[in-house]
Amino acid sequence: MFKYFPHTQTDLDQMLETLKIKSIDELFVDVPKNVRFQREYDLPEAMSEVELRQYFKDIAKENRELVCFAGMGVYDHYVPSVIGSLISRQEFQTAYTPYQPEVAQGTLQYIFEFQSMIQTLTGMDTANASMYDGATASAEACFMAEAITRRNKILVSETVNPNVLATIRTYAHYKNLAVEIVPMKDGITDIESLGHQVTSDVAALVVQKPNFFGIIEGFEIAAGILHGNGSLLIENADISTLGVLKTPREDGADIAIGDCQSLGMPLAFGGPTVGYMATIKPYVRKLPGRICGLSKDVNDKRAFVLTLQAREQHIRREKANSNICSNQSLMALYVTIYLALMGPNGLKEVNELSYQGAHYLHDRLIATGKFKVRFERPFLKEFVLETLIPVELIQEVLLKEGYFGALPLVEFNEEYENLVSFAVTEKRTKAEIDKLVSILEGLSW
Amino acid sequence: MVNYDKLIFEISREGRIGYSLPKPFATEYTLNDVNPRHMRDETPKLPEVSELDVLRHYSNISQKNFGVETGFYPLGSCTMKYNPKINDEIAGNEAFRNIHPLQPASTVQGWMKIYDELQKALGELTGLSAFSLNPYAGAHGELAGLMIMKAYHEKRGDYKRTKVIVPDSAHGTNPASTAVCGMQVIEIKSNKHGRVDLESLKASLTDEVAGMMLTNPNTLGIFESDICEITKLVHSVGGLMYYDGANLNAILGKARPMDMGFDIMHINLHKTFSTPHGGGGPGSGPVGVIDKLVEFLPNPRIKQLDGHFYLEESLEAIGRVSMFFGNSLVWLRAYAYILTLGKENLAKIGDFATLNANYIKELLKTEYFLPITGPCMHECVFDGLIDVSTGVRTLDVAKRLLDYGMHAPTIYFPLLFHQSIMIEPTETESKQTLDHFVEVMLEIAREAKENPERLKQAPLTTPVGRIDEVFAAKKMILTYKDYLEYLTQ
Numbered sequence: 035m036f037k038y039f040p041h042t043q044t045d046l047d048q049m050l051e052t053l054k055i056k057s058i059d060e061l062f063v064d065v066p067k068n069v070r071f072q073r074e075y076d077l078p079e080a081m082s083e084v085e086l087r088q089y090f091k092d093i094a095k096e097n098r099e100l101v102c103f104a105g106m107g108v109y110d111h112y113v114p115s116v117i118g119s120l121i122s123r124q125e126f127q128t129a130y131t132p133y134q135p136e137v138a139q140g141t142l143q144y145i146f147e148f149q150s151m152i153q154t155l156t157g158m159d160t161a162n163a164s165m166y167d168g169a170t171a172s173a174e175a176c177f178m179a180e181a182i183t184r185r186n187k188i189l190v191s192e193t194v195n196p197n198v199l200a201t202i203r204t205y206a207h208y209k210n211l212a213v214e215i216v217p218m219k220d221g222i223t224d225i226e227s228l229g230h231q232v233t234s235d236v237a238a239l240v241v242q243k244p245n246f247f248g249i250i251e252g253f254e255i256a257a258g259i260l261h262g263n264g265s266l267l268i269e270n271a272d273i274s275t276l277g278v279l280k281t282p283r284e285d286g287a288d289i290a291i292g293d294c295q296s297l298g299m300p301l302a303f304g305g306p307t308v309g310y311m312a313t314i315k316p317y318v319r320k321l322p323g324r325i326c327g328l329s330k331d332v333n334d335k336r337a338f339v340l341t342l343q344a345r346e347q348h349i350r351r352e353k354a355n356s357n358i359c360s361n362q363s364l365m366a367l368y369v370t371i372y373l374a375l376m377g378p379n380g381l382k383e384v385n386e387l388s389y390q391g392a393h394y395l396h397d398r399l400i401a402t403g404k405f406k407v408r409f410e411r412p413f414l415k416e417f418v419l420e421t422l423i424p425v426e427l428i429q430e431v432l433l434k435e436g437y438f439g440a441l442p443l444v445e446f447n448e449e450y451e452n453l454v455s456f457a458v459t460e461k462r463t464k465a466e467i468d469k470l471v472s473i474l475e476g477l478s479w
Numbered sequence: 015m016v017n018y019d020k021l022i023f024e025i026s027r028e029g030r031i032g033y034s035l036p037k038p039f040a041t042e043y044t045l046n047d048v049n050p051r052h053m054r055d056e057t058p059k060l061p062e063v064s065e066l067d068v069l070r071h072y073s074n075i076s077q078k079n080f081g082v083e084t085g086f087y088p089l090g091s092c093t094m095k096y097n098p099k100i101n102d103e104i105a106g107n108e109a110f111r112n113i114h115p116l117q118p119a120s121t122v123q124g125w126m127k128i129y130d131e132l133q134k135a136l137g138e139l140t141g142l143s144a145f146s147l148n149p150y151a152g153a154h155g156e157l158a159g160l161m162i163m164k165a166y167h168e169k170r171g172d173y174k175r176t177k178v179i180v181p182d183s184a185h186g187t188n189p190a191s192t193a194v195c196g197m198q199v200i201e202i203k204s205n206k207h208g209r210v211d212l213e214s215l216k217a218s219l220t221d222e223v224a225g226m227m228l229t230n231p232n233t234l235g236i237f238e239s240d241i242c243e244i245t246k247l248v249h250s251v252g253g254l255m256y257y258d259g260a261n262l263n264a265i266l267g268k269a270r271p272m273d274m275g276f277d278i279m280h281i282n283l284h285k286t287f288s289t290p291h292g293g294g295g296p297g298s299g300p301v302g303v304i305d306k307l308v309e310f311l312p313n314p315r316i317k318q319l320d321g322h323f324y325l326e327e328s329l330e331a332i333g334r335v336s337m338f339f340g341n342s343l344v345w346l347r348a349y350a351y352i353l354t355l356g357k358e359n360l361a362k363i364g365d366f367a368t369l370n371a372n373y374i375k376e377l378l379k380t381e382y383f384l385p386i387t388g389p390c391m392h393e394c395v396f397d398g399l400i401d402v403s404t405g406v407r408t409l410d411v412a413k414r415l416l417d418y419g420m421h422a423p424t425i426y427f428p429l430l431f432h433q434s435i436m437i438e439p440t441e442t443e444s445k446q447t448l449d450h451f452v453e454v455m456l457e458i459a460r461e462a463k464e465n466p467e468r469l470k471q472a473p474l475t476t477p478v479g480r481i482d483e484v485f486a487a488k489k490m491i492l493t494y495k496d497y498l499e500y501l502t503q
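Residue numbers (our numbering), protein chains in the order written: chain A, 35 to 479; chain B, 15 to 503.
Simulated from the structure, these hints should not be mistaken for laboratory data. Errors might be hidden in some of the hints.
Unchecked claim - FRET-style restraints, in silico, Cβ to Cβ:
1. A:Pro78 <-> B:His249: 31 to 39 Å
2. B:Glu168 <-> A:Lys315: 37 to 45 Å
3. A:Lys95 <-> B:Tyr500: 50 to 58 Å
4. A:Gly436 <-> B:Leu325: 18 to 26 Å
Glycine is no exception: its CB is placed at the ideal position from the N, C-alpha and C atoms.
Bound-form chain A, shown alone (with noise of 0.2 Å):
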């Protein structure tokens, strides 16, 4: 016997008579002998939970725990406890895709409130019930400007994210769709350049805000731009920081979409985190994913479901809006309950604290005298400088101690030689501050 299956010699015996059958390999007749598998998986044999918790825990040791100054997408905010002790309740966990609505008014009540809080963080009049990450997210955005304006050229600010680019550039090769790259001048998108860029052909441009190197770009006059062109504006948002910054809607976007990981998930190694979707009413329709509406049941209680699903794979096959199947519910729940926690005050300081650790820490790199500002420009919780210090010895020097930051972003593009970037949020402490700071200052080559 093996705990996971329950069976019996007793309850076998019963069910082969059942069938009237004397040997369970009967009812893989349909298999052809020459692919039948006959010998035993090459693998290790079953670990009881003391040795495979064990294994695991020996596994752990080989990596690193290090006081996290970087980000560059994943942000080592503060996870209230409270999110862990609600989402491993089974009746969430365990549950499936909210077929039967009936029974899964839980996981549609969630969604509902997760689109509700997407909104109004964004401004945008709704949102999905999720997607993968922020990258498919940005992709699946560009495929939805398209059907959108029936037109198949992408623009890509080059202040994206490079991951973010490098995800919607391969979304894009096969689906037959062109990007071009809109350069950056200064640390901001090159709207001389987008001027002259936006031709008939082009369906919406992508930006992001913060932007890959921190820096909080405008968008007014890009939309307008765009707008003007009969194209959309996409923009990519670290939804944390909208809780004090302009949202989307503001900005002018058509379809904002973005991570959540900032909003209550741990590092993890990049995943799993959700991604955002929101868009304005025209274009509601042209949502891929999940949606979950409000109705009400036969007895007129108020009950939600899942809604809009002719855009949908299941019943549209390959006419619909996207091949997206599952959404990323449970993430989607972190979220939810980190936004109840945290409410409109909390997502406040959360920004204030991150803001006041990074200019804390930007200027007291300056002082060092082995950092220079590259871009004059108002920057949130993540900036970019440029060092003198060589890049490799900084990394290494922080690794001795325990740190991570200093990003060299010279790995993303050769351009960008001798930048590195740093995030804080409200984790980090004055004297964790203070250390990576004497760190670098003593530092000599």
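On the provided structure of chain A, position chain B as indicated by the hints.
Chain B alone, transformed into the frame defined by chain A:
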């Protein structure tokens, strides 16, 4: 709380908070210094609630959900097996959670080892040479797999291959992924045994065929006994074979996709490898390939040299399909599951899953119409009640099951039949659970004859009754803001 029925926004009180944050230490800096043109005009309308409010609210709405630990969950094609607790404990380890994805390779050797060991284990279980764990879900793995298919042909300079053969019994994601990958679908009919019709297949084979997508056992729960002939035919015109791993559970210990002639496949870790479905995600959809396609696997990749793992970005790759490496905490659960079962128990999954499905099939066929006879694999498909005179449809049967404390099977899929009921019990269910389910299904068949009206009103005992889907689609109340506007109308 009995009949708790609030939205989180409705219990909000201005000024209430549910968080504690560190004290500020650099108050000389303030967001007020940022030019107001960058700041939002209005405070976001998020709820203001206490910590206990949040716990009670979500605990209460969780009670309106049905989970695997609530009861039998025979949802066909979804493999709702038990999600072991030890897997969650392993995934909760801080030394895995507190790791930034951009940390240098020397500090994430543990994570990279998990990636490598899991992808190798999946390779052994399927026969394929290598897997990328980067795709986030089954459909995402399909898309990555089709990209690999296209990249392979393009690299050979064969640009005319843009057609993908998909049987009419396939999951909707197959044709949808094909379209998203910029290729066209050739749909082929199933024969009267529910299998790929070889003549239709032959007729669709041209030098424009990039490949074929197939689920085996197919969505009728039937093994494609002509599988060797099918893969040979597709290969003979230069096409590749794609295996939709949604039904992999059925063949563990029995057969491997590579041995059947498949070149590319995805696996749903949240089905076969017991990771929780989370109400619709996060899943994980590793994509695997045979030797000659390894070069096309997505970036970034994790490689090993002299016992040290490192990252690789390849120009031959299809590119990047995810921000970082995929849903890593899901891999931990799946790998813990594989190690818990070990080779001896992994080899029995197909046996028990198939036995359970056949047992149900045998006992229900007196009242439910079995359109395809012969043994099934891990799931069985009925086409509604045999007695259609009562007017009771599959939907009514499904809703009535909820009243009996069981989740409904998948209904109205596959599309080949009008009243499909697709039942997948999985290997973690006991004979006693199956017997009880059969009893209830037969009782419902009796009720259909004696009291059809009650079935049409079911469910009667769930938190809400049948929901007005037309109202939802027409009113489009998709946010709390919409709802407030609707109330003032």
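Hint-by-hint comparison with the structure:
Between Pro78 of chain A and His249 of chain B the beta carbon distance is about 34 Å. The supplied range of 31 to 39 Å therefore holds. For Glu168 of chain B and Lys315 of chain A, the hinted distance range of 37 to 45 Å is satisfied, since their beta carbons lie about 40 Å from each other. At roughly 55 Å, the beta carbons of Lys95 of chain A and Tyr500 of chain B sit within the given window of 50 to 58 Å. With their beta carbons about 21 Å apart, Gly436 of chain A and Leu325 of chain B fall inside the hinted range of 18 to 26 Å.
Checked against the numbered hints given earlier, the structure satisfies every one of them.
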